[in-house]
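Those protein sequences? They're chains A and B, same order as listed.
In the working numbering, each number is its position in the first sequence, counted from 1, plus 10.
In the working numbering, each number is its position in the second sequence, counted from 1, plus 10.
These are computed hints drawn from the structure, not numbers from a lab.
Among the hints, erroneous ones may be present.
Same chains, same label: a pair holds when it works inside one copy or across any pair of copies.
[Stated by the list, open to error] Subject to a maximum C-alpha distance of 16 Å in a straight line, what follows is the list of computed EDC-like cross-link-like pairs (lysine to aspartate or glutamate):
(1) K40 to D104
(2) K169 to E144
(3) K216 to D139
(4) K180 to E165
(5) K204 to E228
Protein chains: 2
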Amino acid sequence: MASNVYNGLEKIVPATMADVVEVKLREYLKNKPFLPGDALPTEAELAEALGVSRNVLREALSRLRMLGMIESKKKRGMVLTKPDILGAFEKVLDPLIIDKDTLQDIFELRLVLEMGLADLLFLRKTDKDVAELEAIAKAEKYDSGKQFRIKSEIEFHGKLYEMTGNNTLKRFQSMLLPIFGYVVTLEKKKIAGKVNHLDLVQILKKGTKDDFKKGMYEHLKPHFDRLKELE
Amino acid sequence: MASNVYNGLEKIVPATMADVVEVKLREYLKNKPFLPGDALPTEAELAEALGVSRNVLREALSRLRMLGMIESKKKRGMVLTKPDILGAFEKVLDPLIIDKDTLQDIFELRLVLEMGLADLLFLRKTDKDVAELEAIAKAEKYDSGKQFRIKSEIEFHGKLYEMTGNNTLKRFQSMLLPIFGYVVTLEKKKIAGKVNHLDLVQILKKGTKDDFKKGMYEHLKPHFDRLKELE
């Protein structure tokens, strides 16, 4: 019976029924006073309430599960979870499947984040953090190959984001880094600003927030210059 | 037959089979030289190649459809699309279903973006843009209610992001704004920096990029001060 419903949908507009049910379920979860960990009605109850087949309901539930909004627990059935706001985003964030304009947008987005993080950084940095960042910068070899440079870029800038004390920001940027790396590999020549990682560490140790903002701009300047050329 | 497969899965670990198929399909789409618009193998072919039931395959395909990686076209069947990298993210980005720590993280993320966008802004702003921004700022009434202030905040800052010429950034921030608005409604008193929207417009007209960076910091300073208090 359930598979008949599917067959019928297939011939008209596939997935539309699941789309409708998905939207209804999301609305339902938002508007009801459920808390993370609360048990939800059973599949049978939800299917009946919505007047849809179990198969369609399951397809919609599967999407919510992928979004991290619900999870299935042994014995307790489905429960509401804290949604993983970056999880689904992460799945499509691959340089090979993103079009060129969006890649460029994301590259710029990372420049914006780097330029903007000084305030949080100076609010929350600790001596221990700065020492760890210095160790990363000192371990870098500037005459090494592209792959190694990308790896140390990731380590250094990843640590900077970590020092902002903002987990979402840190995770977001670590998702953006492969894209940044990919765009860098497309560049024809090696790009290095006047201010390097060790200079930035010195500013964090002895300089002001405004010094850091200027230093970061100099560090990223070759990228901004390239954007200017593209205008 | 297909529904028997489902029933069996249900009793062990629901959705795991779809998870596996989803991952395999994503890998397959990335590694094959498909371009957006290319037709994909049929459901029957994919199900056979993967050795899974049509139902499981459909569940996995439904997720890819939700992520915007594939779409169904009349007559041509499934085709590869440009993935909508922010689409899935948007679905879970609702203040009412996000936990408090993540809300605070996102609030800070927006501050970081605002502080960092001056470089793109000065690279790409046009006189027409600045005039439109000025019209928005002049239409604001500072003595009006909270809802109106949030609306004009959204309009003014939304226009700033638009002026960066980066569509992903613009869409990303418009997704973050409801969260920003929500956090603002939680604040007990009205918060206003020394530099208001009209001042920022004047800087864009006559000032330098560094003036704008300082102005934006002053504009957002009450928020940064509040973060300092929370440390």
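Consistency of the hints with the structure:
For a Cα distance limit of 16 Å, the shortest separation of K40 from D104 across copies, 8 Å, qualifies, whereas the shortest one inside one copy, 30 Å, does not. In this homomeric assembly, K169 and E144 come within 16 Å of each other (Cα to Cα) only inside a single copy, at 10 Å, whereas the closest approach across copies is 39 Å. In this homomeric assembly, K216 and D139 come within 16 Å of each other (Cα to Cα) only inside a single copy, at 14 Å, whereas the closest approach across copies is 39 Å. Taking the shortest alpha-carbon separations for K180 and E165, only the intra-copy value of 12 Å comes in at or below 16 Å, while the best inter-copy value is 28 Å.
Proximity of K204 and E228 under a CA criterion of 16 Å is satisfied intra-copy only: 6 Å inside one chain copy versus 29 Å between copies.
Every hint, counting from the list given before, is met by this structure.
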